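Going line by line, the protein sequences match chains D and W. So that you can map any letter, position 144 of the first sequence is 164 in my numbering, and since no number is skipped, the others follow by simple counting. So that you can map any letter, position 94 of the second sequence is 468 in my numbering, and since no number is skipped, the others follow by simple counting.
Calculated from the structure, these hints are not laboratory results. Only a predicted model underlies this, so the values are computations on that prediction, with no experimental measurement involved. Cβ atoms here follow ideal geometry from the backbone N, Cα and C, with glycine treated the same way. Hints are not guaranteed to be accurate.
Claimed, not checked - The calculated lysine-lysine pairs, modelled on DSS-like cross-linking and capped at a C-alpha distance of 27 Å, are: (1) D:K177 <-> D:K160; (2) W:K460 <-> W:K628; (3) W:K460 <-> D:K181; (4) D:K190 <-> W:K622.
Claimed, not checked - Distance ranges between label pairs, derived from CB positions: (5) W:P512 <-> D:Y64: 47 to 57 Å; (6) W:L611 <-> D:G187: 20 to 30 Å; (7) D:T141 <-> W:I377: 55 to 65 Å; (8) W:G624 <-> D:I322: 44 to 54 Å; (9) W:P512 <-> D:D176: 27 to 37 Å; (10) D:G109 <-> W:L615: 43 to 53 Å; (11) W:Q544 <-> D:T141: 56 to 66 Å; (12) D:T270 <-> W:Q544: 27 to 37 Å.
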Amino acid sequence: MNNGQYLKSDPSLDRPFNHGQWPTSAQGGHMQPVISVRHLDKAYTSGHQALKDINLEIRRGEIFALLGPNGAGKTTLISIICGIVSPTGGEVMVDGHNILSDYRAARAQIGLVPQELFTNTFESVWATVAFSRGLFGKPKNPAYLEQVLRSLSLWDKKDAKIMALSGGMKRRVLIAKALAHEPNILFLDEPTAGVDVDLRRDMWELVRRLREQGVTIILTTHYIEEAEEMADRVGVISKGELILVEDKATLMNKLGKKQLKLQLQTPLSELPGGLTAFQLELCDNGHQLVYTYDTHAEQTGIAELLRALSGHQIDFKDLQSSQSSLEEIFVNLVREKA
Amino acid sequence: MTINLYAIRAIYQFEMARTWRTLLQSIASPVISTSLYFVVFGSAIGSRMVEIDGISYGAFIVPGLIMLSLLTESISNASFGIHMPKFTGTIYEVLSAPVSPLEIVTGFVGAAASKSIILGILILATARLFVPFEIVHPLWMLAFLVLTALTFSLFGFIIGVWADGFDKLQIIPAMIITPLTFLGGSFYSINMLPPLWQQITLFNPVVYLISGFRWAFYGVSDVSVGISLAMTLAFLLVCLLGVWWIFKTGYRLKS
């Protein structure tokens, strides 16, 4: 992708996502929610309850990652906010506009990159992006669209038929379409599903640049590393219920466990009785001791453990500490819920 | 109330672009196939047929055949126009855009009706090459042309939303519209039928469309032109109500 100057090269197009007040970033900023979801319910005609009493506030300018297993309700939630699916109860406000009674103002703020590669196969890249801009009520602006396409490395393909593009390029086209009307809020539904590592990194970079320009970003992902890498806050949804919303750092701090792994000189068949007070696990056919401890406890217990090991003449040749990833936290949360 | 004119124009131009991209299929093909009727029934064997209501047979069938193309193409254009984004999934963008149902319908149906009207005028011009005729009420002819194209494009829009596969898009035009048009007086005056069949034929709504259209051409009709106009407007109203209901309930558009 065109690194460096995303949509900024033309001074006349400076701050391309400006819609009145310029939002501040999540780190710096005021906490007025740009999206407010209250008591949202969705039951399909089949009887399936896809969402149950969802309450959520998205802060202006933040990157919010919505995590959840397949069928948890992530896409349904996004689809309701964007107007594609009708809610059965509750209320959603986008920048102060009700998504049902004031849908024009609400939807004009939002760009959506869907999970599936929904494209107009026979159209050119330029035609489909220009269509998106018009559809969202914006006058033609070839210079802006050119910048969007350049920033996504699509400019060379502007006259190409979409069917001739690779999957990764189609994904970029969908992003270009979502950005064509200069949205303040961008939904990315599984943006890097099925794309290669390079493109994934490019997209992360793009997301960061958009956030720097004040765009609020909500992404759903299966790749926990994606949320870990980018998100300011994380929401976990499971079986239609929002089971947790937390600052990523706080979450990892709160729920993250640290482990100390000791490679033993001599394998153990079982733990000596004097070590049962520690939260120890014998792994790798007795070659490894794994000690799990709370990072926030007053005493981690490491010193005591090492002394105890020495007392039992248990030598080790290597040691390594690690903190549980967001993925492990997520898996544990969902498992607890199940 | 603000209107998202940019959106209407975007949808309209997007749909019309498909027509220009598939010119042979969209325009040339129906013009050629309809022209064959004029060649066969107008020039070749038309001279051996008796006049109907004082009109040569070749000229008599012109309004009916234009109406046949107008009905089938309006339905086909509009149904394909809305069904394609449903099929490919790109409908998500229309549903998530700040556009009202009226604007969506105006864009899709407007484009479908425009194509049909262009087609109708081209067939009319082509027919004139093979069959000599004059149009008595050209403005009424245009009015019926536009009204019918609009009404059946709305009908096509409904079919496009209703259909859950491309095969179903063809069912209504092929299994219902074409037979009704052929049996609705395209090739004959219903006065030529036995009295019982005349009564039965009056249940065929296409009779009123063809009769009114033919009146605009030659000043003669099977049924009163007022009734023809009323029936066309009534069907337009029914289609409008159908489209309104689709957007109100989200039928097969929104879950």
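Structure-based check of each hint:
Between K177 of chain D and K160 of chain D, the direct Cα distance comes to roughly 19 Å. Compliance with the 27 Å bound is thereby established for this hinted pair. Restraint check for K460 of chain W and K628 of chain W: satisfied, since their Cα atoms lie roughly 11 Å apart, inside the 27 Å limit. A C-alpha spacing of about 20 Å is found between K460 of chain W and K181 of chain D, which places the hinted pair at or below 27 Å, so the restraint holds. Distance restraint check for K190 of chain D and K622 of chain W: the Cα-Cα separation of roughly 33 Å exceeds the 27 Å cut-off, and the hinted pair is therefore not satisfied.
The hinted range of 47 to 57 Å is satisfied by P512 of chain W and Y64 of chain D, whose Cβ atoms lie roughly 53 Å apart. One distance hint, 20 to 30 Å for the beta-carbon pair L611 of chain W and G187 of chain D, is violated here, with the actual separation near 47 Å. Between T141 of chain D and I377 of chain W the beta carbons are some 30 Å apart, a value that contradicts the proposed interval 55 to 65 Å. One distance hint, 44 to 54 Å for the beta-carbon pair G624 of chain W and I322 of chain D, is violated here, with the actual separation near 60 Å.
Roughly 51 Å separates the CB atoms of P512 of chain W and D176 of chain D, a value that falls outside the hinted 27 to 37 Å. Between G109 of chain D and L615 of chain W the CB atoms are about 28 Å apart, so this pair departs from the stated range of 43 to 53 Å. At roughly 21 Å, the beta carbons of Q544 of chain W and T141 of chain D sit outside the given window of 56 to 66 Å. In this structure, T270 of chain D and Q544 of chain W break the distance hint of 27 to 37 Å, their C-beta atoms being roughly 59 Å apart.
Hint compliance for this structure: hints 4, 6, 7, 8, 9, 10, 11, 12 are not met, and every other hint is.
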